[in-house]
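Note that the protein sequences, when read in sequence, are chains X and L. Number 28 in full-length UniProt numbering belongs to position 28 of the first sequence; there are no gaps in the numbering. Number 123 in full-length UniProt numbering belongs to position 123 of the second sequence; there are no gaps in the numbering.
There may be inaccurate statements among the hints.
[Unchecked claim] Below, simulated SDA-like cross-link-like pairs (lysine to any residue); rule was C-alpha separation at most 20 Å, straight line:
hint, chain 1, residue 1, chain 2, residue 2
1, L, Lys84, L, Glu122
2, X, Lys14, X, Phe29
3, X, Lys5, L, Glu122
4, X, Lys52, L, Gln134
5, X, Lys52, L, Glu122
6, X, Lys14, L, Trp67
7, X, Lys5, L, Gln39
8, X, Lys52, X, Phe29
9, L, Lys171, L, Trp133
10, X, Lys52, L, Trp67
11, X, Lys14, L, Lys171
It should be emphasised that the hints constitute simulated quantities derived from the structure, not laboratory data.
Here is how the chains run, residue by residue.
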Amino acid sequence: MMMCKGATRLMSLKQDRSLSLQERMSLTFHLMMCDPCRQCDRQFTLLHEVGKRLEADITSRQHDD
Amino acid sequence: MTDVAADEGEASPSRMERLTAVRPRLVSFARLHLRDSAQAEDAVQEALMAAIEKDASFAGRSGYETWVFGILKYKILDTLRTQKRQGKWQPLEEDGDDEVVDRLFQHNGRWHQHARPASWGEPDTVFENERFWQVFDACMIALPDNVARVFSMRELMGLSTAEICQEIGIKENNCWVILHRARLRLRSCLESGWLKEESP
């Protein structure tokens with residue numbers, strides 16, 4: 001059975017490519033049982049959003065002419 | 001693009017003001033990638049010069065700042081390529097263990113008690129927190145150069161892992177290994193530097 005370390009590998013991978021059915025199932029199964037990994041999964045997703053936030057901050061006009 | 005524009009080569013005063021306004025945020029962004037203040041300043045300077053020179057070619061389809069940001073991203077990639085060509089990159093240790101990551105987990109693969117991720121709350125609240133961004137900057141600096149480079153290309157520049165492999169000259173598999181480490185290190189650094197400080 002997959003442990004937390006392996007689960008974080010899949011959480012990271014899913015930010016970069018789509019997981020296979022097998023990968024998706026073992027991750028889902030692990031996340032159902034493991035609260036720390038659920039938090040980690042949310043945090044990886046948040047890190048994935050950081051770039052968009054920075055870009056929005058730069059490109060949103062805060063000074064009108 | 002090439003035609004008319006009587007004032008070609010001259011950005012209007014209002015655009016100059018907008019460049020001045022956005023400049024500090026561009027420098028912060030460039031610094032995350034180049035990890036060197038002087039090089040970040042240079043890249044932004046070049047991007048701003050290019051924006052002023054090519055003012056007439058701004059088509060207005062996207063926002064002005066979005067257009068300038070696009071130029072900067074191109075300049076950053078350009079600088080990274082130069083760094084690589086000049087041999088300024090340390091070789092990636094793709095296959096070695098990462099002791100920082102190893103310290104997070106027990107031998108059986110479960111989280112160590114001290115390393116177990118805690119809740120950060122709602123993403124919107126996190127992103128609105130000034131302190132989060134300060135700690136994020138510090139945690140990026142704390143990453144090894146080559147790990148940070150892959151992470152910022154992927155998550156801040158939005159390149160695909162295939163594109164990154166091409167830029168850096170590594171296999172996609174190694175790219176995924178490096179990103180996994182980068183994310184684990186960053187989340188751990190963020191949590192200890194920011195969350196634990198927030199709750200006294």
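Checked hints:
1. For a cut-off of 20 Å, the pair hint linking L/Lys84 to L/Glu122 is broken: about 39 Å separates their Cα positions.
2. Between X/Lys14 and X/Phe29, the direct Cα distance comes to roughly 15 Å. Compliance with the 20 Å bound is thereby established for this hinted pair.
3. Of the supplied pair hints, the one linking X/Lys5 and L/Glu122 is violated, its CA atoms being roughly 24 Å apart against a limit of 20 Å.
4. Proposed proximity of X/Lys52 and L/Gln134 is supported: the alpha carbons are some 17 Å apart, at most 20 Å.
5. Distance hint between X/Lys52 and L/Glu122 is fulfilled; the C-alpha atoms sit about 16 Å from each other, no more than 20 Å.
6. As the CA atoms of X/Lys14 and L/Trp67 are separated by approximately 30 Å, the hinted pair breaks the 20 Å bound.
7. Distance hint between X/Lys5 and L/Gln39 is unfulfilled; the C-alpha atoms sit about 37 Å from each other, more than 20 Å.
8. At most 20 Å may separate the alpha-carbon atoms for a hinted pair to count; X/Lys52 and X/Phe29 exceed this at roughly 30 Å.
9. Restraint check for L/Lys171 and L/Trp133: the C-alpha separation of about 31 Å exceeds 20 Å, so the hint is violated.
10. Distance hint between X/Lys52 and L/Trp67 is fulfilled; the C-alpha atoms sit about 15 Å from each other, no more than 20 Å.
11. Distance check on the hinted pair: X/Lys14 and L/Lys171 sit about 18 Å apart at the alpha-carbon level, within 20 Å; holds.
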